[in-house]
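J.: Chains as they are written, first to last, in my numbering: chain A, 2 to 324; chain B, 99 to 433.
By construction, these hints were calculated from the structure, which means they are not laboratory data.
Predicted model, so just to flag it, every value in this text is computed and none were measured.
Don't take every hint at face value.
[To be verified] Covered stretches of chain A, going by a simulated chain B footprint (3 or more residues, C-beta under 8 Å): (1) 147 to 156; (2) 162 to 169; (3) 254 to 263; (4) 280 to 286.
[To be verified] Every beta carbon over 12 Å from chain B, so not counted as near; a handful from chain A, in silico: (5) Phe33; (6) Leu40; (7) Asn71; (8) Thr85; (9) Leu159; (10) Pro241; (11) Ala251; (12) Thr302; (13) Asp311.
Note that CB positions come from ideal geometry on N, CA and C, so glycine has one too.
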Amino acid sequence: MTDQVVDPYAALQDKEPPKEPRSQWKDVWDQFKHHKGALFGGGFLIFITLAVLFGPYIWTIDPQKLDIRNKDLRPIYVALWDGTAKVGWGNPLGTDNLGRDIMANLIAGGRASMAVGWAAMVLALLIGTTVGVISGYFRKADFWLMRFTDLVLSLPILPLLLVAVTLFREPLRANFGPEGGMFILIVGVVGLTSWMQTARIVRGDILALKEREFILAAQSIGTTSGKIIRRHLLPNVISPIMVSATLGLATAIITESALSFLGVGFPSDFPTWGKLLADAVQRMEQYPERVILPGILISLTVLGVNYLGDGLRDALDPRIRGR
Amino acid sequence: MLTFTIRRLILSIPTLLFISFVIFMLLQLAPGDPMAQVPLTVPPEVKEKMREALGLGQPIMVQYWKWIVQFFWIEPQVLIDHWFGTAFAEGKQRVISWQTRSPVMDIVVQRIPQTLWVVGLSYVVGILIAIPIGIYSAYRQYSVFDQSGTFITMIGFSIPPFFTGPLLIVVFSVQLGWLPSIYDTTHVVTDWSSFKIQFQQMVMPVMVLALQTTAQLSRYMRSSMLDNLSQDYVRTARAKGLKEGAVVMVHVLRNSMIPVITVIALGVPSIFGGAIITENVFKVNGIGQLLLTALFANDIPMVMTLTFIFAILIVLFNLIADVLYGVLDPRIRYD
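Let the hints inform the model, and build the full structure from the sequences given.
T.: Have a look at this one:
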């Protein structure tokens, strides 16, 4: 007989201290980290946003300042292969045909483009989510809201944008000033014409979630519809909303630049990336960098946003996560 | 299937009416005045008469109804007259452009061939490039080809045509001098050398538009192939000893093409929209460029007609995509 007492609960005791509980967002981040493109894209988006936000405080030249003596300067790197080019350290990316500093203009243009992009994306998301939730949750509204969404989807978007912007430019300018009026107009028309995909996706998800037991449980204890939507449904559809947010941001930036390029965007002394590009096309043989620099900025931002969306889609989908 | 098609065709009539109404109201609400260019010395009562001559004196609903009659009833008659030499539309009022005072449809018919050549060819080129890329990158998933293909299609998605256009012009027209930067629509192909010039001037606009198509379609093709490659019937086909080429190119490809074909049909209207920018970059005088000039000149009937043509394209190709989906995939039954 040994007097060793066997503890009947020994097998149930933890051999190591319990791990920290993992939250959903930590899981998402762990998956997101593995997507190189998404990390790069997110990083670039944060970088460009910070650059256009704080750039004017670091690079303090006024983008509107005319410096006619130093007009048509080439960027500083042109001196590497062309010793005779007119360059100056005062304007490292050169100046335009009126002597305005290109770097300051790019920063100011980025501010406008990003502001339009973010605002139009938020507006489209708000409309899309509202329509999607209402038509998914309330059966009576579903038929007509979805028919309406189908109708809006079959509107020719780019021609209508052009029509709306050219025709409503003047009254809005008179009411909100040239820049403010144009900002409201472009954000409004881009937002009003790009909510349909979000609405469809959100509606589909809500329709599936509505039949689940936790919603029935919430209803059976007398939770009101508004509470159910806010507390139970919206947190569950946040991932498709976030993915369509990235797509919406990319579309909004490209649409704004396209409108500026076609000459119906912001007023001529107000730089945006699309406007800088469009203004430079006339003399791009002599000064190709004036087309290429804003073009690269637009493309890289949109590329970054698209990669971010790709990574988010993988990271937010629990079926793919952890593989 | 036939009943479904007919039902969809009938349903597209209210859709088109709604769209035309939206466009019409948008243009009505707009503050632009077609009389703004008339000199101030013209007395107001004459101005009022000119306004009525343009059909602007009547209530909005009457104007809308007249536009509908002109567009859906009189213009088709003109077309029939043109084809068969009849005289149905003799002396009837057509939709008149405020810019040129000539019928809108005549100008549109002049412009459409240029757009169709550039847009249609770019779409065909884009499809022909995208499908092999999609097939191969799905077959060799995560290979170097697949990874670089993914990267290139991402870039194709992200670079807007108003940047690729000028970029190509700088490289190929300015630096290398190989291709003309402006599309000459008066050029007539008669012999081999003039065909070469036509080919050279079409290369850049077609490639710019095709890049967008390729980027989108090859992604769809890849994911559709991937879905099918892991199916049981593929294993069965291999197990019964079919050649790998036959398994992939016959069994898998045919099944994967079903969703891709609908995507191709759905993409046609948006590529017409994208052509607005490309036509502007390369100075092609197609309908996109016509829409822009009409907008800047405040030519409401022209803008109305062109926007509505874009809308018809969208509704039509949505219908075609739906019907094709049902025809190609016997599992889909609409009835």
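J.: Per the stated criterion, does the least C-beta distance between Asn71/A and chain B lie above 12 Å, as a non-interface residue requires?
T.: holds, 24 Å
J.: Verify this label for me: Pro241/A is non-interface relative to chain B, using a Cβ-Cβ cutoff of 12 Å.
T.: holds, 17 Å
J.: Taking the minimum C-beta separation from Leu159/A to chain B, is that value above 12 Å?
T.: violated, 4 Å
J.: Closer than 8 Å, Cβ to Cβ, for at least three residues: run that test on the region 147 to 156 of chain A against chain B and report holds or violated.
T.: holds (count 4)
J.: Hey, does Ala251/A actually stay past 12 Å from chain B on C-beta?
T.: violated, 7 Å
J.: Please settle this one: Asp311/A was flagged as non-interface, so is its CB more than 12 Å from every CB on chain B?
T.: violated, 8 Å
J.: Should the label of Leu40/A as a non-interface residue stand, given a Cβ cut-off of 12 Å to chain B?
T.: Given a closest Cβ separation of 14 Å, the condition holds.
J.: Please count how many residues of the region 254 to 263 of chain A have a CB within 8 Å of a CB from chain B and say whether that reaches 3.
T.: holds (count 5)
J.: The region 280 to 286 of chain A covered by chain B? Criterion: 3 or more residues, Cβ-Cβ distance below 8 Å.
T.: Result for this restraint: holds, n = 3.
J.: Quick check for students: does the CB of Thr302/A sit more than 12 Å from each CB in chain B?
T.: violated, 8 Å
J.: Go check the region 162 to 169 of chain A versus chain B for me, would you? Three or more residues, Cβ under 8 Å, otherwise it fails.
T.: holds (count 6)
J.: Check the non-interface label on Thr85/A: least C-beta distance to chain B beyond 12 Å or not.
T.: At roughly 18 Å from the nearest Cβ of chain B, Thr85/A sits farther out than 12 Å, so the non-interface label holds.
Hint compliance for this structure: hints 9, 11, 12 and 13 are broken, all remaining hints hold.
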